[in-house]
Amino acid sequence: MRNRDRLDTAWRLAVALLAIAFALFPVVFIFSAAINPVSSLNTTQIIPENPTLDNFRYMLDNPQHSFGRWMMNSLIVSTITAVLVVVLSAFAAYAFSRFRFRGRQGLLKTILLAQVFPNVLAMIALYLILQQIGRVIPLLGLNTLGGLILVYLGGAMGFNTWLMKGFFDTVPRELDESAQIDGASHFQTFYQIIFPLVRPILTVVFILTFISTYGDYLLARVMLSDNKTYTLAVGLSLFIGDQYGQRWNQFAAGALIGAIPTLILFYLVQNQLQSGLTVGAVKG
Amino acid sequence: MANVSTTENQGRMPSPLSSLGDSLPKILIRFGLLMLLDALTISFVWQLWFSGGAGFAITVTLVVIAINVVFLRTDAMPLRWIMPGLAFMIMMHIYPVIFTVFTAFTNYGDGHLVEKPVAIQQIESRTYVPEGAPTYGWTAYRDADGNIALWLVDEEGDTYFADSEGNYAPAEEVPGIGELDANGAPLSIEGYTRVPANQKLVTLPELQGHTYGPADGGVQVTGINTATQTEQKYEYDAENDTMVDQETGLIYYNVEGTFTAEDGDQLRPGFPVTIGAENFTRIATNPAIRGPFSTIFIWTFIWAFFSVFLTFALGLFYSLVMNKPDMPFQRAIRVLMIVPYALPPFISVLIWRGLLNPVLGVIGTQWNPGWFTDPFWAKVGVLGVNLWLGYAYMFLITTGALQGISRDIYEAAKVDGASGIYQFRKITLPLLLVAVGPLLIGSFAFNFNNFTIIDLYNSGGPPIAGAATPAGHTDILISYTYRLAFAGGRGADYGLAAAISIIIFVIVAIITLFNFRYTGMLEEVSENV
Numbered sequence: 004m005r006n007r008d009r010l011d012t013a014w015r016l017a018v019a020l021l022a023i024a025f026a027l028f029p030v031v032f033i034f035s036a037a038i039n040p041v042s043s044l045n046t047t048q049i050i051p052e053n054p055t056l057d058n059f060r061y062m063l064d065n066p067q068h069s070f071g072r073w074m075m076n077s078l079i080v081s082t083i084t085a086v087l088v089v090v091l092s093a094f095a096a097y098a099f100s101r102f103r104f105r106g107r108q109g110l111l112k113t114i115l116l117a118q119v120f121p122n123v124l125a126m127i128a129l130y131l132i133l134q135q136i137g138r139v140i141p142l143l144g145l146n147t148l149g150g151l152i153l154v155y156l157g158g159a160m161g162f163n164t165w166l167m168k169g170f171f172d173t174v175p176r177e178l179d180e181s182a183q184i185d186g187a188s189h190f191q192t193f194y195q196i197i198f199p200l201v202r203p204i205l206t207v208v209f210i211l212t213f214i215s216t217y218g219d220y221l222l223a224r225v226m227l228s229d230n231k232t233y234t235l236a237v238g239l240s241l242f243i244g245d246q247y248g249q250r251w252n253q254f255a256a257g258a259l260i261g262a263i264p265t266l267i268l269f270y271l272v273q274n275q276l277q278s279g280l281t282v283g284a285v286k287g
Numbered sequence: 006m007a008n009v010s011t012t013e014n015q016g017r018m019p020s021p022l023s024s025l026g027d028s029l030p031k032i033l034i035r036f037g038l039l040m041l042l043d044a045l046t047i048s049f050v051w052q053l054w055f056s057g058g059a060g061f062a063i064t065v066t067l068v069v070i071a072i073n074v075v076f077l078r079t080d081a082m083p084l085r086w087i088m089p090g091l092a093f094m095i096m097m098h099i100y101p102v103i104f105t106v107f108t109a110f111t112n113y114g115d116g117h118l119v120e121k122p123v124a125i126q127q128i129e130s131r132t133y134v135p136e137g138a139p140t141y142g143w144t145a146y147r148d149a150d151g152n153i154a155l156w157l158v159d160e161e162g163d164t165y166f167a168d169s170e171g172n173y174a175p176a177e178e179v180p181g182i183g184e185l186d187a188n189g190a191p192l193s194i195e196g197y198t199r200v201p202a203n204q205k206l207v208t209l210p211e212l213q214g215h216t217y218g219p220a221d222g223g224v225q226v227t228g229i230n231t232a233t234q235t236e237q238k239y240e241y242d243a244e245n246d247t248m249v250d251q252e253t254g255l256i257y258y259n260v261e262g263t264f265t266a267e268d269g270d271q272l273r274p275g276f277p278v279t280i281g282a283e284n285f286t287r288i289a290t291n292p293a294i295r296g297p298f299s300t301i302f303i304w305t306f307i308w309a310f311f312s313v314f315l316t317f318a319l320g321l322f323y324s325l326v327m328n329k330p331d332m333p334f335q336r337a338i339r340v341l342m343i344v345p346y347a348l349p350p351f352i353s354v355l356i357w358r359g360l361l362n363p364v365l366g367v368i369g370t371q372w373n374p375g376w377f378t379d380p381f382w383a384k385v386g387v388l389g390v391n392l393w394l395g396y397a398y399m400f401l402i403t404t405g406a407l408q409g410i411s412r413d414i415y416e417a418a419k420v421d422g423a424s425g426i427y428q429f430r431k432i433t434l435p436l437l438l439v440a441v442g443p444l445l446i447g448s449f450a451f452n453f454n455n456f457t458i459i460d461l462y463n464s465g466g467p468p469i470a471g472a473a474t475p476a477g478h479t480d481i482l483i484s485y486t487y488r489l490a491f492a493g494g495r496g497a498d499y500g501l502a503a504a505i506s507i508i509i510f511v512i513v514a515i516i517t518l519f520n521f522r523y524t525g526m527l528e529e530v531s532e533n534v
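Keeping their order, the protein sequence lines are chains A and B. All residue numbers in the first sequence are consecutive under our numbering, ending with 287. All residue numbers in the second sequence are consecutive under our numbering, ending with 534.
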């Protein structure tokens with residue numbers, strides 16, 4: 004029995020090794036390419052003979068393209084969007100969780116149904132709207148980070164409000180009632196009583212929004228048209244274009260730098276993410 | 006649920022503390038902010054309205070009115086919390102959807118981009134040279150702002166001075182004219198510098214299309230030394246909504262936003278008008294559109310199905326293998342295995358494109374059945390890349406769901422002598438599907454619109470031969486829409502692209518509503534009151 008169990012564990016570990024190999028194989032090659040001074044995709048050696056950090060330096064310093072700028076743009080857009088999404092949806096979730104008012108159910112349903120239509124499908128309309136806005140307020144028009152954030156905020160409510168409302172509901176109402184008896188306003192109740200208790204869900208929504216905004220390619224591609232305003236997704240894809248032969252190693256370095264923010268965030272929320280995903284799954 | 010009654014009361018009869026507790030300064034601040042918002046909105050909407058954004062202007066106005074109502078009435082207090090998010094949702098999500106629907110019924114796109122008055126103005130600005138029109142010699146002068154003025158000499162030797170603002174006078178009435186050169190043109194004019202003869206050619210493109218002199222007709226530069234009296238070619242007849250050619254008398258009728266003569270000649274630009282369901286009928290009937298569209302339509306479903314199926318199969322396989330309580334290194338294995346899920350997809354797809362590159366890539370050089378050039382293998386390639394990107398998500402959710410299945414059922418099955426495979430088929434899979442079913446449908450809907458992978462893998466290529474629109478074998482509906490609207494290289498067709506968006510809307514909406522029904526998400530609202 005012991006031996007059989009060991010054998011069982013052994014083959015499971017073997018599968019796990021293969022799985023990890025499959026998962027990491029492109030990443031290993033990217034590492035290899037990033038530290039390889041010779042521009043070639045097809046090196047037989049994983050660790051090149053003269054490893055170098057030149058490719059990283061090239062990406063960060065070279066003024067001919069704007070890698071640093073794209074990275075900055077992506078971080079700016081994702082951070083601002085995520086913060087605003089958290090604030091907007093937390094306010095709404097608070098109201099839906101704490102107040103009973105006419106039209107509450109209807110509004111909740113409307114918000115959910117609006118999400119049925121992914122806003123990427125309205126990209127033509129969004130493009131034309133930003134064009135119109137830009138004629139009056141240039142800072143929020145096409146080819147501006149402000150305009151792009153505005154577009155992302157259209158989807159701020161939706162599932163986030165639902166996710167948060169579910170969490171807010173678990174905070175006992177006696178807490179805010181007693182605060183209000185002590186004379187706290189709704190905003191004080193929200194800020195001082197509820198907010199600290201719901202911080203975990205706010206963090207999760209922040210990180211998920213950040214990651215999805217950071218990874219958005221379509222809307223950024225449609226709205227931005229200038230090297231200086233590109234986000235990383237747009238900039239990096241145009242940088243490599245079809246020039247895999249000449250730019251592979253530099254691209255590899257850029258890809259590694261670009262992956263850092265989401266890798267860190269993913270690592271941070273890994274556990275909440277899994278429980279969050281499965282809670283959603285088992286509900287029903 | 007003991008506190009239900011108290012919370013109910015709280016909403017319907019706001020407690021004195023919350024509604025009347027607002028101090029005077031607070032109220033003043035609220036009024037001040039509202040007035041500021043209203044003032045900004047009025048200024049914004051006013052300008053927007055006159056620059057061709059009427060629909061959005063109305064939406065913004067309605068939203069701001071709603072904000073005012075909500076913040077002025079104490080009984081709408083709960084809505085104050087919802088309004089900020091709702092405002093963005095209405096302006097940047099709901100209105101764009103409505104606008105998309107509207108656009109789908111128009112001919113909006115290249116050739117029909119500007120509003121009617123602008124189109125008329127552009128057509129009316131065209132001129133022609135009437136027979137026997139007087140010609141002039143010209144000399145150019147530039148003012149401090151870089152505008153060009155002309156010194157004109159007609160066939161009789163009379164001279165005129167015309168500036169870029171439309172002023173036009175016999176030269177002797179113009180002050181500040183200096184000494185004349187051998188050709189009769191002044192060496193200097195006050196406020197202007199003369200453009201030297203050797204730079205005349207350079208200024209020619211700048212002068213093209215610019216009319217000097219009186220508004221009807223006027224003088225246009227036609228060559229390096231000549232300028233000619235021209236006249237307005239087309240005149241708009243508002244009563245009949247026609248454009249009349251002044252030279253030939255030909256009448257151009259307004260046919261679906263394009264002034265068209267009876268012989269089929271069209272005047273550009275046209276302007277956007279509603280054309281009914283024509284974009285939809287084009288998709289259904291025009292063979293050059295219908296062919297590629299149906300190919301793309303079918304592939305979109307195949308793509309979404311296999312994306313879900315393959316990632317789910319691999320993710321489930323992994324989680325079944327790892328689902329052993331005393332498995333060593335479990336946490337480390339899990340962290341490493343979900344790396345593909347943690348990388349931004351736009352980065353991973355670009356990396357895979359490099360690895361599959363037939364000339365340089367580590368896979369492509371060893372084995373290349375045509376990863377980007379063969380329609381079938383391009384599809385296999387993009388599905389393979391998506392498998393790598395997506396299995397980790399499935400691994401995560403199936404691992405979670407497996408934990409939710411009670412051990413006892415398996416014990417019972419073992420007692421009954423059920424084999425491992427039988428247990429999987431009859432116990433694990435059905436229970437698992439109940440738990441993750443909605444997520445699989447969600448994943449299907451997501452992949453249905455997974456633009457990032459499709460576009461970055463091969464820009465939808467290889468191209469479908471003989472297609473009238475930019476269409477490729479791996480294109481899905483959303484990437485096809487994108488190409489029609491923005492990146493076709495054959496001009497933008499917003500109307501047609503919007504029509505296809507509507508078709509996708511309908512499909513995705515059906516899938517998602519089905520999903521809601523399945524999970525009871527909408528019912529949950531009613532229960533949870």
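Please note that the accuracy of each hint is not assured.
[As the list claims (entries may be wrong)] Each computed DMTMM-like pair below joins lysine to aspartate or glutamate, with the alpha-carbon atoms no more than 25 Å apart:
(1) B:205 x B:195
(2) B:419 x A:11
(3) B:431 x A:11
(4) A:231 x A:64
(5) B:238 x B:261
(6) B:329 x A:8
(7) B:419 x A:177
(8) B:205 x B:261
[Claimed, not checked] Selected chain A positions facing chain B (Cβ under 7 Å, derived; list incomplete):
(9) 23
(10) 24
(11) 31
(12) 59
(13) 61
(14) 98
(15) 119
(16) 137
(17) 141
(18) 144
(19) 221
No lab work stands behind these hints: they were computed from the structure. Where a beta carbon is used, it is the ideal one built from N, C-alpha and C, also for glycine.
We went through each hint and held it up to the structure:
A threshold of 25 Å between alpha carbons decides the hint, and for residue 205 of chain B with residue 195 of chain B the separation of about 20 Å falls inside it, so the pair holds. Proposed proximity of residue 419 of chain B and residue 11 of chain A is supported: the alpha carbons are some 18 Å apart, at most 25 Å. A hinted pair counts as satisfied when its Cα atoms are at most 25 Å apart, and residue 431 of chain B with residue 11 of chain A qualifies at roughly 23 Å. Between the alpha carbons of residue 231 of chain A and residue 64 of chain A the distance comes to roughly 15 Å, so the proposed pair stays at or under 25 Å and holds.
As the CA atoms of residue 238 of chain B and residue 261 of chain B are separated by approximately 22 Å, the hinted pair is consistent with the 25 Å bound. Under the criterion of a C-alpha separation no larger than 25 Å, the hint pairing residue 329 of chain B with residue 8 of chain A is consistent with the structure, at around 11 Å. For the hint pairing residue 419 of chain B with residue 177 of chain A, the CA-to-CA distance comes to about 49 Å; that exceeds 25 Å, so the pair is violated. Distance check on the hinted pair: residue 205 of chain B and residue 261 of chain B sit about 43 Å apart at the alpha-carbon level, beyond 25 Å; violated.
The interface hint given for residue 23 of chain A is met, as the beta carbon of that residue sits about 5 Å from the closest beta carbon of chain B, less than 7 Å. With its C-beta approaching chain B no nearer than about 10 Å, residue 24 of chain A sits outside the 7 Å limit, and its interface hint is violated. For residue 31 of chain A, the interface hint is violated, the least distance from its beta-carbon to any beta-carbon of chain B being 10 Å, above 7 Å. With a least beta-carbon distance of about 15 Å to chain B, the hint placing residue 59 of chain A at the interface is violated under the 7 Å criterion.
This hint is violated: residue 61 of chain A has a C-beta 17 Å from the nearest C-beta of chain B, more than the 7 Å allowed. For residue 98 of chain A, the interface hint holds, since its Cβ comes within 7 Å of a Cβ in chain B; the closest pair sits about 4 Å apart. For residue 119 of chain A, the suggested interface contact is upheld, since its CB lies about 5 Å from the closest CB of chain B, less than 7 Å. With its C-beta approaching chain B no nearer than about 10 Å, residue 137 of chain A sits outside the 7 Å limit, and its interface hint is violated.
For residue 141 of chain A, the interface hint is violated, since its Cβ never comes within 7 Å of a Cβ in chain B; the closest pair sits about 12 Å apart. For the restraint placing residue 144 of chain A at the interface with chain B, the shortest Cβ-Cβ distance is roughly 11 Å, beyond the 7 Å limit, so the hint is violated. Interface hint status for residue 221 of chain A: upheld, as the beta-carbon distance to the closest one in chain B is roughly 4 Å, under 7 Å.
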